[in-house]
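Please build the complex by placing chains B and C on the supplied structure of chain A, with the hints as guidance.
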Amino acid sequence: MTVAPENYVALSAVLFFIGVVGVIARRNPLIMLMSIELLFNAANLALVTYARAWANNAGHIFAFLVITVAAAEAAIGLAIVAVTFRRSPHVDVDEVAALKG
Amino acid sequence: MIAFWILALLMIASAVFTVTAQKPVYSVVGLLANFLTLAATYLMLQAEFLAVIQIVVYSGAILILFVFVIALLSSGVRPFDVGPDKARMVLVPAIVLALLALLGIALTTIRSAVAVRPESALGGVTGESGSFGSVASFGAALFTTNLLPFEITAFILMVAVIGVVLIAGDEGPAGLPRRKKRRAIEREPIVKPPVTLSTSKGAQ
Amino acid sequence: MLLYLIWLLPLLGAVLLWAFGPQLKSWAGPIGSALVGVSFIATLTAWGDATSATGTHAPLVTWLTGWSLGLQLDKLSLVWSLVITGVGFLIHVYSIGYMDGDRAFARFFAYMNFFVFAMLTLVLSDNFIGLLVGWGLVGLASYFLIGFWFERPSAVAAARKAFVMNVVGDVGIMLAIFYVVAKVGSIAYGDVFGHAATAFSGHELFFVCLGLFIGCAAKSAQVPLHTWLPDAMEGPTPVSALIHAATMVTAGVYLVARCSPLWSASPDAQELVGVIGGLTALAGAVLGCAQWDIKRILAYSTMSQIGYMIMGVGVGAYDAGVFHFLTHAFFKAQLFLGSGIIIHALANEQDVRRMGGLRTRMPFAFVAMLVGVLAICGIPGLSGYFSKDAVVYGALETGHPYLYAVGVLTAGITAYYMFRLLFLTFFGKYRGDVDPSDLGIRHPELAGTATGDDAHHAEEEERHHAPSWLMSVPVGILIVPTILAGFLHVGPWQQFFAGFFARGPEPATTPAIPELASTLLLLVVVAIGIGIAYVRYATGPALLDAVARIRTETIRMPAVLVNAYYFDAAYDALLVRPARALGRWFVRVVDPHVLDAGVREVAISAQWLGHLFRSFQTGLVRVYALSIVVGVVCFVAYYAFAFGGVR
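Residue numbers (the numbering used here), protein chains in the order written: chain A, 72 to 172; chain B, 368 to 571; chain C, 406 to 1052.
Here chain A stands alone, though its shape is the one from the complex (with noise of 0.2 angstroms):
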């Protein structure tokens, strides 16, 4: 591979992070959900860039399998959504707040 490693990695890394801040910085459910799309591909990146570098099929299998769980996650995740909101006109996840104690 012409461009190490590393590069991949970071890219990775920085992608993760911009994920993980939109996860806390909106209010938005179905932005949040996204933000973690966002993760899991950022995870699947260095996945596929180890399995590329060690010329190792497990890392395609492993972001093949991630994938797919993130496909069931996220179903579920917007149904939860989905009946969470269904009735409100805001969708704002700061209002479940009903575990505040």
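Just to be clear, a hint being listed does not mean it is correct.
To be verified - Examples of chain B residues toward chain C, derived with CB under 7 angstroms: (1) A407; (2) A461; (3) A468.
Said to hold, decoys possible - EDC-like cross-link-like pairs, simulated, lysine to aspartate or glutamate; straight-line CA separation at most 20 angstroms: (4) K480(C) / D454(C); (5) K430(C) / D505(C); (6) K834(C) / E1006(C); (7) K390(B) / E77(A); (8) K390(B) / D163(A); (9) K834(C) / E754(C).
Hint data in this document are derived by calculation from the structure and do not stem from the laboratory.
We treat Cβ as the ideally placed atom computed from N, Cα and C, and that holds for glycine.
For chains B and C alone, kept in the frame of chain A given last:
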């Protein structure tokens, strides 16, 4: 080399756009751009099968799911009405922590180089059947060495589907109620006022 | 086997009567008395073995080497056991009559039996620990019995006072015993006395004896720990007779006699004991002249006579001291029981000023008291004569002429106040119907006059009649040894105890006067005492003028005597008040500000901690997400530092 930097830049830009867009539909589009550039990056890393899967599953299915939910929540184009920010104080610490972690990772990756195996380790030329990253090699690995995770993943997906139906589903054809109706006793007043006869004895 | 019987029967009685008192009701008296009586018979039966060279032993528990508890009956404990069980039996029978009708009849006998058991523990033990156990238990029994009528605050206060002062003594005796056991390594008398001369240096021995004597002083009401004894007269008269005359207060004498090897090896300790004994004898006698309560007169006379005994065993005249104990037990019990008959008949009147002329009304009581008074004064032919003579001359023989003089003087004073008691009570006209203020009594309820103790005599009416046979028979029986016991000294007493007690070094000087001259001197002094009493109280004009004379005497009584040399006031100011103030300080300051505050602060800090953690629970998802991120960053940092070469 240049391709990498261009793609990297595009990925970061689209990620930032996703996170900071005011309207969720804009975020979805940004995410789409991110996924596409990511797929391109996979191609650069000789993971062809995964690149295609990325586009088909992620952009093609999950993002569409997002779009549907945005539509369901009926305020997709306009920005949602959002109340006051109750957790104002988390933003700055989050950014600070993220930068710190990035710093740590950067230092780590700079110091320790990853050993790269040469091109000859990859079986065959890219594109050939059975080469590294091809469908054949992927399939072979998936269905032999990693069969158990594959089956479990299938199970996970089934659970996810059932869960979604239970959580967000409507009343089914058999008329199963989605919400518990209040019990009859709770809907009626407990004490009925006594019935009085309009004609009484001493009303002559 | 017999020893166990002697020792445990009273305990059985106590337990039975405690447990089944309400069911047994009036059977409690006969049961209690019978058990003590059987104990007495058993003691008599064991006479033969006890007077052998080694005495009888009955082991109880063997624990460690040198720590075996057991009972022994040798000559010394035989004498004490006979008195305890014999006189105890008579007093139990007497109590059946005296306490008749009392609400807590069974409880009384339970306590009395318990006392007999405790006292037997004290004298029958063959080791120091058993002695200590018995020591404490008799203090407890005394507390129970002084405060028997616990509805009376004065009785409760007296019981408490007695107990606390006994505890002071207990500290002394315990420290001494602990030191002894630590040094010698064994608790048995035999081992300790065998090493008496070798194991301790002179100073150590003195301090051991001092500690033991502090215990004796408290238990036997010697100066300065004597103030509890007059107050102990709050208890019923049989209690005063048994515990505070015949037996418990003589425990100190027993201890000194038992530990004769220790004392004989320490002349300084002997000096101390002798001096305290003499001092107490004199002080008690002087105070006895100033009392108007019949039981208090007898209490101070007890204190004084025990002073004699202590003086006797202190200077080394052990058999004289023990003999005086024997005779004193008889005539003091006699006196107390006789006075009990009077008190009982006069509906709880105890003030001598309101008696008088009872010679004709209560002849039996008069005879009993007369015999007792003659004995205590040392009139020739009665027991007290022989024993007092022996003690006083013993002081001279062992080289203590000053103590001899004190003893002689005290004998004279004793004669004076005992005959004063006799004259005031039995001669002249009956003064019970005279107005108390005419007699100088300002506070009838404080002077021991009848306060109408309803709890005790609720169902009984006033009577001036003869006592029931239950009360008179024991008193009658006691007359015999009161008169005759003295003759033991003429005969076998000295041989009985020959070689038993360890002797100290013989004094260098021979006594200044021969024994016969000493006896005559004593008689002269006693006669002078009786003469003074006669002149003051019993001549014709004195008897006619009795009311006015009594009033004068009451008013003119020196304050020093009335306040018992201010001992009580001193203790109050030095000890009681500071202790009370300390208690109040604790209540005001320590309790709310230290203890409560500590607990409160613990609770508050728990609450504060809870508040702190509660602030984390915002309920906001984003905050929780942030906390996850913090964890992630920590992981990254760990890997960066551990593996990444970051320093």
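We went through each hint and held it up to the structure:
For the restraint placing A407(B) at the interface with chain C, the shortest Cβ-Cβ distance is roughly 28 angstroms, beyond the 7 angstroms limit, so the hint is violated. Checking A461(B) against chain C: minimum C-beta separation of about 6 angstroms stays under 7 angstroms; hint holds. For A468(B), the interface hint holds, since its Cβ comes within 7 angstroms of a Cβ in chain C; the closest pair sits about 5 angstroms apart. A hinted pair counts as satisfied when its Cα atoms are at most 20 angstroms apart, and K480(C) with D454(C) qualifies at roughly 10 angstroms.
Annotation: proposed proximity of K430(C) to D505(C) holds, straight-line Cα distance about 11 angstroms (limit 20 angstroms). The suggested pairing of K834(C) with E1006(C) is violated, with an alpha-carbon distance near 74 angstroms, which exceeds 20 angstroms. Restraint check for K390(B) and E77(A): the C-alpha separation of about 34 angstroms exceeds 20 angstroms, so the hint is violated. Distance restraint check for K390(B) and D163(A): the Cα-Cα separation of roughly 13 angstroms lies within the 20 angstroms cut-off, and the hinted pair is therefore satisfied.
Taken as a hint, the K834(C) and E754(C) pair is honoured in the structure, with Cα atoms around 16 angstroms apart against an allowance of 20 angstroms.
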